[in-house]
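Here are the chains, one letter per residue:
2 protein chains.
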Amino acid sequence: MNDRIPVSVASLEKFSIALLTKAGLSRQDAATVTESLLSADLRGIGSHGVVRLTSYIGRVRAGVMELNPSMEVERESPASALLNARNGLGQIAGSKAMALAMDKAEVCGVGLVSVKNSNHFGIAAFFAMQALKRNMVGLVITNASPAIAPYGTKTPLTGTNPLAVAIPAAAERPIVLDMSTSVVARGKIRLASVIGEAIPLGWALDTDGKPTQDAKAALKGSMEPIGGPKGSGLSLIIDLLCGVLTGTSLTGEVKNVTDTSGPSKTSHMFIAINIGKFIDPEQFKQNIDAVIRRIKSLPSASGSPPYLPGEIEFNLEAKRRAEGIPLSPKVIAELQDLARKYGVTENIG
Amino acid sequence: MNDRIPVSVASLEKFSIALLTKAGLSRQDAATVTESLLSADLRGIGSHGVVRLTSYIGRVRAGVMELNPSMEVERESPASALLNARNGLGQIAGSKAMALAMDKAEVCGVGLVSVKNSNHFGIAAFFAMQALKRNMVGLVITNASPAIAPYGTKTPLTGTNPLAVAIPAAAERPIVLDMSTSVVARGKIRLASVIGEAIPLGWALDTDGKPTQDAKAALKGSMEPIGGPKGSGLSLIIDLLCGVLTGTSLTGEVKNVTDTSGPSKTSHMFIAINIGKFIDPEQFKQNIDAVIRRIKSLPSASGSPPYLPGEIEFNLEAKRRAEGIPLSPKVIAELQDLARKYGVTENIG
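Respectively, the protein sequence lines represent chains A and V.
Its first residue numbered 1, the first sequence is counted upward by one per residue in our numbering.
Its first residue numbered 350, the second sequence is counted upward by one per residue in our numbering.
A couple of the hints might just be wrong.
[Claimed, not checked] Distance condition first, Cα-Cα at most 25 Å in a straight line; then the derived DSS-like pairs of lysine-lysine: (1) V:LYS679 x V:LYS668; (2) V:LYS559 x A:LYS296; (3) V:LYS645 x A:LYS210; (4) V:LYS503 x A:LYS154; (5) A:LYS255 x V:LYS645; (6) V:LYS569 x V:LYS503; (7) V:LYS679 x V:LYS690; (8) A:LYS210 x A:LYS220; (9) V:LYS537 x V:LYS690; (10) A:LYS133 x A:LYS255; (11) V:LYS645 x A:LYS296; (12) V:LYS537 x A:LYS296; (13) A:LYS296 x V:LYS614; (14) V:LYS668 x V:LYS645; (15) A:LYS14 x A:LYS330; (16) A:LYS265 x V:LYS645; (17) A:LYS265 x A:LYS220; (18) V:LYS503 x A:LYS296; (19) V:LYS559 x V:LYS503; (20) V:LYS371 x V:LYS690; (21) V:LYS679 x V:LYS537; (22) A:LYS154 x A:LYS216; (23) V:LYS645 x A:LYS220; (24) A:LYS330 x A:LYS319; (25) V:LYS690 x V:LYS363; (26) A:LYS319 x A:LYS14; (27) A:LYS188 x A:LYS216.
[Claimed, not checked] Short derived list, chain A residues pointing at chain V, Cβ under 10 Å: (28) LEU67; (29) GLY209; (30) LEU298; (31) SER300.
Simulated from the structure, these hints should not be mistaken for laboratory data.
All C-beta atoms in this analysis are idealised placements derived from N, C-alpha and C, irrespective of residue type, glycine included.
Isolated chain A (complex conformation) (with noise of 0.2 Å):
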């Protein structure tokens, strides 16, 4: 980590736009990949930032996926809707997706979007919180390439389908679950085999379903769900009313990032709950206030003080936001090399 240079946010936008509107998107989509990408930077989510940059414009150039779809609602209900995001970035047709549930929302209570033929979106809390603004709960899930297996068997079937739930408070941070069905990311388990390091058991199974702590097989073999039944089978929910409910997919076709042998196959779905409709925002506002409050004045089992689903990642981004990201000089002139093929000028950094 001591070799990571720290780029302010302002320097990274910049180019970001920059390159993605030589690339070939609108200012303002360029705009809504950049805020996502920055947003999962910001809070600690490297895997899902800017570096995503390079395998992004990788699968258009390699035409198995779009930059500019016309995309379009192909059903309708006063609550619901599906968006058809004809194999465009997950950022652009989520966060068109999440608009739509709010403003479904504010007149239903309930708003419920679904999007079909879509990719990779970055992180699901970046859509979630876009409720927030709006006296809304957001609540997203997606599913992705496979990486876990049905219970009691060892193929990985279902991704690491995420789930996020965002939450607004009064004067406290607004409460922000972002969780994966596995135990930990895949990442970490890349990063325990390239440095030669065992990893705990609970992590990942092998090939034959059974636990190891070696990296290189775990990467062979698929990712622990959490609560063993419960993770693999909320993974395989997830998966159902993504891929199935939107007709893009049936279970273990989603592909990874890195295959371009076809479009990715990617689906999600975006709900908002409009409090207002329920109780009064302000009141409840004032109650999620008293819970966090509640939580943090408990005794700590650890010597820490507790902290609320995304609070680190508040902490952290507001320490970034103040003396930069980091990133390692690998990733920057990967980015750098990629804009000079677009004609950006613009420099990181």
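With chain A fixed as given, assemble chain V onto it according to the hints.
Chain V alone, transformed into the frame defined by chain A:
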């Protein structure tokens, strides 16, 4: 288990309806509550079955639960509603709420109904499965009395807060996930405590928030959530979406079913998703069948074929419908005693 007496479903149903109508419920409400309790017994969740009749009626007699309150929809939007259960039975409120959510989803694509001032509602899957026959996905959450400590603390504050999702299939049986956010049910720890056995590490924490194998220490401490901060976060989110959104309680205030110091302050949320507003329902169900068959055909990790969420419960239900529900003589005696107090002439079995 050998001393359990198998009781036929028909006999238990007749007994429970007789008892509940004598206690003061309408015939229809008695049938609803009975159907929920039997569903739990049939599916192997005996802790939520007819054994609960004693505690439900006990709460009514203690004056902390209402048998026949006038439940009222307090707020309503095209796709959402807030139902005040007025401290009545959770099963009655839940059935009304799920039916209303489905009616709303029929028109709006999705329906979301929250229930305030409710009580223990039995198993969440019972309501989620009501969506199946209407070609909908049912999603149900509820809060419960404190059992899980917010991550980093040692004080149980949130419940085991279950989540149930039911998804219809065509020729195959539906997929029904019904999971608590704790690693195991508290009943398993209670059983170990009674028979003096150690519990595995990973099930529970002692009052210092440290992992324990001592069942008695575990019962005084808290239940281990699935995936550490993930399960604990999910449990908190479910509490906020139930207790705080409905204005019923702040986190930590739901009373245990045996605590007769006041109303339990339980609350729930019911969501119905109308499949036909996204994709042809027959196509959807065929695709769910295809996914089920794909999973069933995977190589097994254990030697036995993999089970889909809910499959073990459906198998058990078929067996128990044929062979009867095994009840302990103690539970039968308690129920007969209760029945005599109300002048019920039916016997169990």
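Hints, verified against the model:
1. V:LYS679 x V:LYS668: Measuring from Cα to Cα gives roughly 23 Å; hence the hint holds.
2. V:LYS559 x A:LYS296: holds, 19 Å
3. V:LYS645 x A:LYS210: Given that 25 Å is the threshold and the Cα spacing comes to 19 Å, the pair holds.
4. V:LYS503 x A:LYS154: violated, 35 Å
5. A:LYS255 x V:LYS645: Judged against 25 Å, a Cα distance of about 22 Å means the pair holds.
6. V:LYS569 x V:LYS503: holds, 11 Å
7. V:LYS679 x V:LYS690: holds, 17 Å
8. A:LYS210 x A:LYS220: holds, 12 Å
9. V:LYS537 x V:LYS690: Roughly 31 Å between the alpha carbons, so the hint for V:LYS537 and V:LYS690 is violated.
10. A:LYS133 x A:LYS255: It is violated: about 34 Å lies between the C-alpha atoms, which goes past 25 Å.
11. V:LYS645 x A:LYS296: violated, 45 Å
12. V:LYS537 x A:LYS296: violated, 30 Å
13. A:LYS296 x V:LYS614: The hint holds at about 23 Å.
14. V:LYS668 x V:LYS645: holds, 21 Å
15. A:LYS14 x A:LYS330: holds, 20 Å
16. A:LYS265 x V:LYS645: Holds - the C-alpha atoms of V:LYS645 and A:LYS265 are around 23 Å apart, at most 25 Å.
17. A:LYS265 x A:LYS220: With a Cα-Cα distance of about 22 Å, the restraint between A:LYS265 and A:LYS220 holds, given a limit of 25 Å.
18. V:LYS503 x A:LYS296: holds, 12 Å
19. V:LYS559 x V:LYS503: Holds - the C-alpha atoms of V:LYS503 and V:LYS559 are around 8 Å apart, at most 25 Å.
20. V:LYS371 x V:LYS690: Given that 25 Å is the threshold and the Cα spacing comes to 10 Å, the pair holds.
21. V:LYS679 x V:LYS537: Roughly 18 Å separates the two Cα atoms, so the pair holds.
22. A:LYS154 x A:LYS216: Satisfied, since the Cα-Cα distance of roughly 16 Å is no more than 25 Å.
23. V:LYS645 x A:LYS220: holds, 21 Å
24. A:LYS330 x A:LYS319: holds, 23 Å
25. V:LYS690 x V:LYS363: Within the cut-off at roughly 17 Å; holds.
26. A:LYS319 x A:LYS14: With a Cα-Cα distance of about 20 Å, the restraint between A:LYS319 and A:LYS14 holds, given a limit of 25 Å.
27. A:LYS188 x A:LYS216: holds, 12 Å
28. LEU67: violated, 26 Å
29. GLY209: holds, 3 Å
30. LEU298: Check passed: Cβ of A:LEU298 comes within 4 Å of chain V, closer than 10 Å.
31. SER300: holds, 6 Å
Consistency note: the structure conflicts with the earlier hints numbered 4, 9, 10, 11, 12, 28.
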